[in-house]
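> Listed below, chain by chain, are the residues.
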Amino acid sequence: MDLSVVNEALASKSFDKIADICDSLMLQAAAEGVPFRDQWPFALHLLAHIYVDDVNSARFLWKSIPATIKESQPELVAAWKIGQKLWTRDYAGVYEAIRGFDWTQQTQLLVAAFSELYTTRMFALLQSAYSTISIQDAAQFLGMNEDDATNYVLRQGWTVDPTSRMLTVTKQAIVKEQKLDPGKLQRLTEYVFHLEH
Amino acid sequence: MEGLVTQIQGLSGTASDVLSLQNLLKQADDSLHAESTRLPPFLDQLDPSKHSLGYLYFLEACTAGPVTQEQASSFVLTIARFISSCVAEQIRLAPDKFISVCKRFKDQVLLLEEPLRGVAPMLTAIRKLQLSSEHLTALHPEFLLLCLLSKCYKTALSILDEDIFEVDQPRDLFLYCYYGGMISIGQKQFRKALELLHNVVTAPMSTVNAIAVEAFKKYILVSLIHHGQFPTNLPKYASSGAQRNLKTLCQPYVELASSYSNGKIADLETYVEANKDKFESDNNLGLVKQAVSSMYKRNIQRLTQTYLTLSLQDIANRVQLNSPKEAEMHVLQMIKDGEIYATINQKDGMVRFLEDPEQYKTCEMIERIGSSIQRLMTVSKKLNVMDELMSCDPLYLAKAGRERQRFDFDDFDNVPPRYNI
Numbered sequence: 001m002d003l004s005v006v007n008e009a010l011a012s013k014s015f016d017k018i019a020d021i022c023d024s025l026m027l028q029a030a031a032e033g034v035p036f037r038d039q040w041p042f043a044l045h046l047l048a049h050i051y052v053d054d055v056n057s058a059r060f061l062w063k064s065i066p067a068t069i070k071e072s073q074p075e076l077v078a079a080w081k082i083g084q085k086l087w088t089r090d091y092a093g094v095y096e097a098i099r100g101f102d103w104t105q106q107t108q109l110l111v112a113a114f115s116e117l118y119t120t121r122m123f124a125l126l127q128s129a130y131s132t133i134s135i136q137d138a139a140q141f142l143g144m145n146e147d148d149a150t151n152y153v154l155r156q157g158w159t160v161d162p163t164s165r166m167l168t169v170t171k172q173a174i175v176k177e178q179k180l181d182p183g184k185l186q187r188l189t190e191y192v193f194h195l196e197h
Numbered sequence: 001m002e003g004l005v006t007q008i009q010g011l012s013g014t015a016s017d018v019l020s021l022q023n024l025l026k027q028a029d030d031s032l033h034a035e036s037t038r039l040p041p042f043l044d045q046l047d048p049s050k051h052s053l054g055y056l057y058f059l060e061a062c063t064a065g066p067v068t069q070e071q072a073s074s075f076v077l078t079i080a081r082f083i084s085s086c087v088a089e090q091i092r093l094a095p096d097k098f099i100s101v102c103k104r105f106k107d108q109v110l111l112l113e114e115p116l117r118g119v120a121p122m123l124t125a126i127r128k129l130q131l132s133s134e135h136l137t138a139l140h141p142e143f144l145l146l147c148l149l150s151k152c153y154k155t156a157l158s159i160l161d162e163d164i165f166e167v168d169q170p171r172d173l174f175l176y177c178y179y180g181g182m183i184s185i186g187q188k189q190f191r192k193a194l195e196l197l198h199n200v201v202t203a204p205m206s207t208v209n210a211i212a213v214e215a216f217k218k219y220i221l222v223s224l225i226h227h228g229q230f231p232t233n234l235p236k237y238a239s240s241g242a243q244r245n246l247k248t249l250c251q252p253y254v255e256l257a258s259s260y261s262n263g264k265i266a267d268l269e270t271y272v273e274a275n276k277d278k279f280e281s282d283n284n285l286g287l288v289k290q291a292v293s294s295m296y297k298r299n300i301q302r303l304t305q306t307y308l309t310l311s312l313q314d315i316a317n318r319v320q321l322n323s324p325k326e327a328e329m330h331v332l333q334m335i336k337d338g339e340i341y342a343t344i345n346q347k348d349g350m351v352r353f354l355e356d357p358e359q360y361k362t363c364e365m366i367e368r369i370g371s372s373i374q375r376l377m378t379v380s381k382k383l384n385v386m387d388e389l390m391s392c393d394p395l396y397l398a399k400a401g402r403e404r405q406r407f408d409f410d411d412f413d414n415v416p417p418r419y420n421i
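Protein chains in written order, with UniProt numbering: chain A, 1 to 197; chain B, 1 to 421.
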């Protein structure tokens, strides 16, 4: 079973492609009738789904793995713990699950990349959903201790009130593209033509 | 037999040769079936990538009879390899045989309890059999079934994303949309699930069938999850059989929907608990639970219509949650999923509800609207073509002619007063 494509993707940091690569390799191996399950990198496959925020596919993959393999691969169980926390929306628990295991070298790459991505996503969520939030809660959401969390958000433009231990959110104005190009004129002509007939 | 093999090897080169080969094969079909046990060694003399049609005839005859457990594994591999290497143009000359072989392939894969083995080959088979991506074949529902059983929901979505305009057999459409609905539910794409299940329950059917009944049960639940309500009546274009009978056949679900519309979580949960066994035996308990938890969302959304700001404690009270913290988590999740526009102010313990910030002025939005218009134009053109075809259909004209007296003269001025076939 040739997993070189997966290794290349890991080496080139194309983490978002790994889920699709694993899916199609697995289907091919199954079609050939090869008994692939014992050597399959399930933990990596699971984490790849989690990386692209597809917790549904991660769940289904977990369900389809035989119990014997789950029992013999503690790294796989640890990888699923991250998925479980995401599924139950235990935002702070995700960080615990990430840090609670000594990952192997290859898996560590993916886990570290996911951890960074997750923190960025959580910060974006806090930015859009809160106008004020306690330092304590923010620290939980970002998986940092309270001082690190405060410094992180201050760098992003938020303000802090040390007496009440409250952070005030500053939203960055996102400028979205509004220019039109002349190619659209052709399309408008088509619409009008269609409506006339 | 040997003579036939030589002919296959000789006549598989050009398109016209293949057509003459087809006639020979049709004549030899009965004898192939009679000698099915002798055939497997002959398969080795044929190359599926060159002699696809001949190979198909032999393969179909080989697999026609009962298959033992030992044979199953090797047959599965043979068929999988055939599917991946056969030539589409040749197998399309004998679509029924190809479909039979693929269906037996599915049966044997399930016998071996390895649905995953069948997913990739079945997808290849669909692509080779289809005349276009708009064509629904008998293999589509088989593929979805394999995806469901092997839990490859994501792979199934690639097929479900394609629009279907041509169907071979109505039964295929029923099963395809029902399985497709289940897959979409699994991937939490409720809008797509609703569309597919809607197709099943409103499809023309002279008598209500079991697939439609099961689909209707899920349709009610997904309606509640996605829209927060269930329309009491099916649209007018649904068959009269469906309109009369589906609700009586799915009574517990209809009652669930009316309990849901009263907005009281406690009552809903009591009803679910009392009828748990029925839902469980239909394999719908998970979906029912999702419907129940969607009520919290619905009730919070309703608050946005009346209030500009509300305290977390108030939200918890009105929506029957246990604490302001729980309310905060619910609101946070809804903001994340784009189901509500709001900001949470922890300092004051308040939530401020906002307007949708979308101004529909960005390039991205224009692209979206543009592609929707393109799709509508395509559908409109197709409808025109279908309309023209139908106006020439003798059955339609006969019925229109017969019912002429009931309508205005202007509606049917193209139909002669007496139309006899």
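Treat each hint with caution, since some may be false.
[Said to hold, decoys possible] With a cut-off of at most 30 angstroms between alpha-carbon atoms, the simulated DSS-like pairs for lysine-lysine come out as follows:
(1) K85/A with K336/B
(2) K50/B with K63/A
(3) K81/A with K103/B
(4) K63/A with K399/B
(5) K325/B with K70/A
(6) K103/B with K171/A
(7) K63/A with K97/B
(8) K85/A with K103/B
(9) K325/B with K85/A
(10) K247/B with K85/A
[As the list claims (entries may be wrong)] Negatives, chain A to chain B, calculated, CB over 12 angstroms:
(11) D16
(12) A19
(13) S57
(14) I69
(15) T120
(16) A124
(17) T132
(18) M144
(19) Y191
Hints in this document: simulated from the structure, not taken from any laboratory. If you're wondering where the values come from, they're calculated on a predicted model, not measured in any experiment. In this text, a Cβ means the ideal position worked out from N, Cα and C, and glycines have one as well.
> Each hint needs a verdict: does it hold in this structure or not?
To see whether the hints hold, each was checked on the structure:
no.	hint	result
1	K85/A with K336/B	holds, 16 angstroms
2	K50/B with K63/A	violated, 41 angstroms
3	K81/A with K103/B	violated, 39 angstroms
4	K63/A with K399/B	violated, 54 angstroms
5	K325/B with K70/A	violated, 35 angstroms
6	K103/B with K171/A	violated, 57 angstroms
7	K63/A with K97/B	violated, 35 angstroms
8	K85/A with K103/B	violated, 40 angstroms
9	K325/B with K85/A	holds, 18 angstroms
10	K247/B with K85/A	violated, 39 angstroms
11	D16	holds, 14 angstroms
12	A19	violated, 8 angstroms
13	S57	violated, 5 angstroms
14	I69	holds, 14 angstroms
15	T120	holds, 14 angstroms
16	A124	violated, 10 angstroms
17	T132	violated, 4 angstroms
18	M144	holds, 18 angstroms
19	Y191	violated, 6 angstroms
This entry does not satisfy hints 2, 3, 4, 5, 6, 7, 8, 10, 12, 13, 16, 17 and 19, going by the numbered hints stated previously.
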